[in-house]
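Engineer: Going line by line, the protein sequences match chains F and X. Following my numbering, the numbering of the first sequence begins with 1 at its first residue and continues without gaps. Following my numbering, the numbering of the second sequence begins with 1 at its first residue and continues without gaps.
Since the hints were derived computationally from the structure, they do not count as laboratory data. Glycine included, every Cβ here is placed at the ideal spot set by N, Cα and C. Just so you know, not all the hints are guaranteed correct.
Unchecked claim - Restraint-style ranges between C-beta atoms, simulated for each label pair:
| hint | chain 1 | residue 1 | chain 2 | residue 2 | range |
| --- | --- | --- | --- | --- | --- |
| 1 | F | Ser-375 | X | Asp-21 | 19 to 29 Å |
| 2 | F | Ala-136 | X | Arg-15 | 53 to 63 Å |
| 3 | X | Glu-5 | F | Ala-86 | 46 to 56 Å |
Residue-level listing of the chains:
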Amino acid sequence: MLIYADNAATTAVSKKAVEAMLPYFTQQYGNASSIHTAGQMANKAMQEARADISNILGCEPKELIFTSGGSESDNQAIVSAALLGAKKGKKHIISSKIEHHAVLHVLDKLKKEGYDITLLDVSPEGIVSAADVEAAIREDTALVTIMFANNEIGTLQPIAEIGEICKKHGVIFHTDAVQAVGHVPINVKEMNIDMLSFSAHKFHGPKGIGGLYVRKGIRLSPLIEGGAQERGLRAGTENVAAIVGMAAALKEQVENMDKNAEKLKKMRDRLMDSVLAAVPRSRVNGDRQKRLPGNVSFCFEGIEGESLLLMLDSMGICGSSGSACTSGSLDPSHVLLAIGLPHEIAHGSLRLTFSEYNTEEEIDYIINAVPKVVSRLRDMSPMWERIVKEDK
Amino acid sequence: MLYSEKVMDHFMNPRNVGKIDDADGVGEVGNAKCGDIMKIYLKVEDDIITDVKFNTFGCASAIATSSIATEMIKGKPISEALKLTNKAVVEALDGLPPVKIHCSVLAEEAVKAAVADYYKKQGKELDEEFFSCSGCCSACEHGEEHTH
Ligand SMILES: Cc1ncc(COP(=O)(O)O)c(C=O)c1O
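Start from the sequences and build out the full structure, keeping to the hints where you can.
Structural biologist: The structure is reproduced here in structure tokens:
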């Protein structure tokens, strides 16, 4: 048995997406910039994909460029807004402590270049306060960038509220919606979003392709110079097959969004309730309701996440953790620390993320396996021994 | 695979897990903040380690290094246990990823801490050169040397 419960890391490509892509490898393989028939066929497929995706997001096809994925989109959005701001003497950027590294590391770099960065705290439930965003806005604020949904603890941020505030103050608002697109309803116009990043492999599309929506009137700066693809905003021969696959995956995902969400929430809530009931000294990270339908995040006191992951892996369960050992640094996940968890608890985190391909039987299996593995590790943990002793 | 088969074997089937209630020496190193704590219990007769058990909180390599370290010193004279190096632990496990080398340092230190405790209980002098720092993260001033 192999249970894939790491859909926040990446997802399986859907059958429909694979089928949609196949002709573009061996038959319609023309370069979308070529003026001959083969090229124009590829170009047409790409423009259809652009129309489909922009229709889903609620924007104009012209407002959408294709990139290599979430990281590139985040980089380009933030750097572009920073450059636009600098031209007007605005060098202040507002973001949060729970952003993905694709945002945080860009902000680190801008900080070294003289930008002033405000990283907002989040509530213990992992939610940014829209009022905090408003309070942080200054005369020289060039950009607010707040993620739509957190990749570790799944929390959904008050994007529409933040969008309205940014509009009121005339500040550009970017959201990293990599975990949200295809999973929760999004409309960039209704939510007053100026820029939005997404990535196909998080919604059953292929890896290495994504996009950036940019509201008309905001000038993007290219990160990659070269040919005139994407109206000169992103050079490089377009990956037509991947673009077509991304559009097919997103269409399918959005058509089934309500049905999938309902199924996932049921599985998610049952898993959270059952594990919390079976394992003492365990907690769920992030708001119980305002979270992605497929995200479950636990912390178990007295054990460490990597060993938990590997033992679950040996039982056929693929999950992830924000422990220091899995992050490759000395500190556990910045997200778990930002919601106020002490290091020793944050080390014992487990993230299980589901898609509609998962089944209730798999949830049963996980509900049975997790408490066993936790006790096995606690039985050999001197930290658990101490916790038990202190309890007495 | 991130780890060698040896590491996975010692992680999935750790040897000498447990506690010794009437231990002659107990050593604990590491700290919860860094995400690893190792505790080693020794039973000693005529300067020979007749039994050894461990408890570890930490990642797979922390558990595996504790396990193999206990195997390497069981039945050995104390003097030999004191010569256990982190390098020997790494070699016995067919290598560790660079970011996990500190776990082998912890294992070496846990053994030394247990021996130090044994010496103390016996009223014996400690040979200072064997007993350096314990702990291996940013919380410890020796952190950088140990994490490579
Ligand atoms: C919130 C968030 N932003 C950005 C990224 C990066 O996306 P990609 O892997 O497509 O570069 C990810 C995925 O890892 C993510 O979860």
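Engineer: If a hint holds in the structure, say so; if it doesn't, say that too.
Structural biologist: Quick rundown of the hints versus the structure:
At about 21 Å, the CB distance of Ser-375 of chain F to Asp-21 of chain X agrees with the hint of 19 to 29 Å. As the Cβ distance of Ala-136 of chain F to Arg-15 of chain X is approximately 55 Å, the hint placing it in 53 to 63 Å holds. A hinted range of 46 to 56 Å holds for the C-beta pair Glu-5 of chain X and Ala-86 of chain F, which are about 54 Å apart.
In summary, this structure violates none of the numbered hints.
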